[in-house]
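Asker: Sequence:
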Amino acid sequence: MTNLQWGVSPYHPGRAHTALPDTDVSVCTRHLHEGQLVLESLGPRRPANLRICPECAVETVALLYPLPTPHRRTSFAQAS
Numbered sequence: 003m004t005n006l007q008w009g010v011s012p013y014h015p016g017r018a019h020t021a022l023p024d025t026d027v028s029v030c031t032r033h034l035h036e037g038q039l040v041l042e043s044l045g046p047r048r049p050a051n052l053r054i055c056p057e058c059a060v061e062t063v064a065l066l067y068p069l070p071t072p073h074r075r076t077s078f079a080q081a082s
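Position one of the sequence shown corresponds to residue 3 (our numbering), numbered consecutively onward.
Do not take every clue at face value.
What the hints assert, rightly or not - The calculated label-pair distances, taken between Cβ atoms and stated as ranges, are:
hint: 1; residue 1: T71; residue 2: H14; range: 32 to 38 Å
hint: 2; residue 1: G16; residue 2: V60; range: 14 to 20 Å
hint: 3; residue 1: P15; residue 2: P70; range: 35 to 41 Å
hint: 4; residue 1: R74; residue 2: S43; range: 42 to 48 Å
hint: 5; residue 1: H35; residue 2: R74; range: 22 to 28 Å
The hints are simulated quantities; they were obtained by calculation from the structure and are not laboratory data. All C-beta atoms in this analysis are idealised placements derived from N, C-alpha and C, irrespective of residue type, glycine included.
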């Protein structure tokens, strides 16, 4: 299981972001080469009274629960 950290940024003071262990970059911007959101005040608990970044929420769920490789679809007629 992937452990995540919570952090905040002065650029989005009302949102709590997630970061992968040993990084200070938000999950929502981890794929960007420029413009990554660097977090401060990292910790294991979500900061109180802050809304969760929606992009971090979606990316975090995708990291924790990856989809299996899609299977080729067959029509009902072929399967019978």
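Asker: It remains to establish, for every hint, whether it holds in the given structure.
Answerer: Outcome of the hint check:
{"no.": "1", "hint": "T71 <-> H14: 32 to 38 Å", "in the structure": "34 Å, holds"}
{"no.": "2", "hint": "G16 <-> V60: 14 to 20 Å", "in the structure": "18 Å, holds"}
{"no.": "3", "hint": "P15 <-> P70: 35 to 41 Å", "in the structure": "38 Å, holds"}
{"no.": "4", "hint": "R74 <-> S43: 42 to 48 Å", "in the structure": "47 Å, holds"}
{"no.": "5", "hint": "H35 <-> R74: 22 to 28 Å", "in the structure": "34 Å, violated"}
Checked against the numbered hints given earlier, the structure breaks only hint 5 and satisfies all the rest.
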